[in-house]
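S.K.: The chain contents come next:
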Amino acid sequence: MGETVVIKGTKSGITLVLNPDADYETLKKDVAAKFSDLTAFFGEAYKAISFKGHKLSDEQKMELINIIHENCKLSVLCIVEDDPEEEETFRQALENKLMEQENSSNTGQFYKGNLRSGQVLDVETSIIVIGDIKPGAKVISKGNVIVLGSLQGNVYAGAAGNPNAFVVALDMHPVQIRIADAIARSPDNPEKNIKKRRKNATHETKIAFLDKGNIYIEPLDKNVMPDIHL
Amino acid sequence: MGEVIVITSGKGGVGKTTSTANIGTGLAMMGKKVALIDTDIGLRNLDVVMGLENRIVYNLVDVVENNCRIKQALIKDKRYPNLYLLPSAQTKDKSAVTPEQMKKLTGDLRNEFDYILLDCPAGIEQGFKNAIAGADSALVVTTPEVSAVRDADRIIGLLEANDIGQTHLIVNRLRADMVKEGNMMSSDDVVEILAIDLIGIVPDDEHIVISTNNGEPLTGSDCQAGQAYMNISKRILGEDVPYLDLEVTKSFFQRFASIFKR
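Going down the list, the sequences are from chains A and B.
Under our numbering, the residue at position 6 of the first sequence is numbered 6, and the numbers go up by one with no gaps.
Under our numbering, the residue at position 43 of the second sequence is numbered 43, and the numbers go up by one with no gaps.
Please note that a few of the clues may not be correct.
[Claimed, not checked] Using 27 Å as the maximum straight-line C-alpha spacing, the simulated DSS-like pairs for lysine-lysine come out as follows:
#: 1; chain 1: A; residue 1: K73; chain 2: B; residue 2: K104
#: 2; chain 1: A; residue 1: K73; chain 2: A; residue 2: K97
#: 3; chain 1: A; residue 1: K61; chain 2: A; residue 2: K112
#: 4; chain 1: A; residue 1: K134; chain 2: B; residue 2: K92
#: 5; chain 1: B; residue 1: K76; chain 2: B; residue 2: K234
#: 6; chain 1: B; residue 1: K71; chain 2: A; residue 2: K192
#: 7; chain 1: B; residue 1: K129; chain 2: A; residue 2: K73
#: 8; chain 1: A; residue 1: K55; chain 2: A; residue 2: K28
#: 9; chain 1: B; residue 1: K71; chain 2: A; residue 2: K47
#: 10; chain 1: A; residue 1: K134; chain 2: B; residue 2: K78
#: 11; chain 1: B; residue 1: K33; chain 2: B; residue 2: K129
#: 12; chain 1: A; residue 1: K195; chain 2: B; residue 2: K78
#: 13; chain 1: A; residue 1: K134; chain 2: B; residue 2: K32
#: 14; chain 1: B; residue 1: K92; chain 2: B; residue 2: K32
#: 15; chain 1: A; residue 1: K134; chain 2: A; residue 2: K112
#: 16; chain 1: A; residue 1: K47; chain 2: A; residue 2: K8
#: 17; chain 1: A; residue 1: K73; chain 2: A; residue 2: K8
#: 18; chain 1: A; residue 1: K73; chain 2: B; residue 2: K94
#: 19; chain 1: A; residue 1: K73; chain 2: A; residue 2: K47
#: 20; chain 1: A; residue 1: K55; chain 2: A; residue 2: K11
#: 21; chain 1: A; residue 1: K47; chain 2: A; residue 2: K97
#: 22; chain 1: B; residue 1: K104; chain 2: B; residue 2: K71
#: 23; chain 1: A; residue 1: K192; chain 2: B; residue 2: K78
#: 24; chain 1: B; residue 1: K71; chain 2: A; residue 2: K11
#: 25; chain 1: B; residue 1: K76; chain 2: B; residue 2: K33
#: 26; chain 1: A; residue 1: K134; chain 2: B; residue 2: K94
#: 27; chain 1: B; residue 1: K71; chain 2: A; residue 2: K199
#: 28; chain 1: B; residue 1: K71; chain 2: B; residue 2: K129
#: 29; chain 1: B; residue 1: K11; chain 2: A; residue 2: K8
#: 30; chain 1: B; residue 1: K104; chain 2: A; residue 2: K34
#: 31; chain 1: A; residue 1: K73; chain 2: A; residue 2: K61
#: 32; chain 1: B; residue 1: K71; chain 2: B; residue 2: K94
#: 33; chain 1: A; residue 1: K196; chain 2: B; residue 2: K78
#: 34; chain 1: B; residue 1: K92; chain 2: A; residue 2: K112
#: 35; chain 1: A; residue 1: K97; chain 2: A; residue 2: K112
#: 36; chain 1: A; residue 1: K11; chain 2: A; residue 2: K29
#: 37; chain 1: B; residue 1: K11; chain 2: B; residue 2: K129
#: 38; chain 1: A; residue 1: K97; chain 2: A; residue 2: K52
#: 39; chain 1: B; residue 1: K71; chain 2: A; residue 2: K73
#: 40; chain 1: A; residue 1: K52; chain 2: A; residue 2: K29
FYI, nobody ran anything at the bench for these hints, they're computed from the structure.
I would like the entire structure built from these sequences, with the hints used as guidance.
M.R.: Structure below.
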């Protein structure tokens, strides 16, 4: 076991086990190498982190985290000190951080223009699109998505895991809607005849929201108001 | 070990995607386990023709970049449980994948599937190189038009240069009435120019338009194109199937009558 750096992962956090005998400079190099190898594995996840084995000063911990940030897309949100109930601490710390982000999703921004196939609009806040979202286009938001136009593409609301996120569109015909961890797709065989399909198409303002793990799409009227949580 | 077949043409709009969808469906109907891979990154549409667009979560680029496992990205067909689609990415371009990565991907799928059909993009650039990288054999689709035949000829040359073993020809959108009047090349003419073995002739059929609009391949239905695609699938499996009789045998009176029937 000549490994100086071992990465142990849990669902919401990672533990870096550092060889107590190795010197700090080697550790830095090995951490950089490890994480750049694992860029694809971690993706753009948010994690909490803790250090084990080697005694580190606060400056050294910060330096290692900077090395991690430089070498992969992982975002370390917080450092957790050693704890027997590690996983629970990780989870809580992470959730608190994510909740902060979700709260920021109560702010919004505007986008004007049509989104066509292949275009992706990815925002940290809620988003109001003035225009159409065509099939093959995608809107990803950590908050809510409001489409003042026709929604025929993909939309992902509450991308950081906010189950209260919702989607509103003046003309709701999406290919796929995702809210937090749930995913819904359009029905398969609406109408074979194109003329009839156009005739039957409704142009009604609708809202999509998550309830007990299922996504519902309903007309936006006073009946759904109690289901909307900001 | 499965066989990897690339469906290519050079020219766009001659029916690569339609052929991939229909032949894949045909093979699946005969009990084979089939994977269709859309290699047209940035301009995907095999998923639309198959009617599976709304099921896409992961795609080819996600698999290649190890963002997900192959099994997570494979979409099971609506009608045939042994038919799968690996959709392409819409927001990336052809350079997102390398020929080596495609080779590895098709290599992995070989153990799972009997047939892997690759829907090749038009052109001879990166996308084409990716698509042919892992292929054992090729189906070249052309229409009986000089421009399409010319491009097919170039493609056949490139396939040979890249050591793709067998190449077979599909003549698509043939109109028997025009051939009869001498206004269109016959399939024999096309075969003579391209000098490769013919594996199928698909007539120009309005049912194809309806089928693609509805996202349901028509292989096996009783229209001419449906039968033609079924026959191609059977020939891929090694069956000896006679070619369809595409003669339009309507007399003047029958045509006259059919106008009033409508």
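S.K.: So which hints don't hold here, by number, going up?
M.R.: 3, 6, 7, 13, 14, 27, 29, 35
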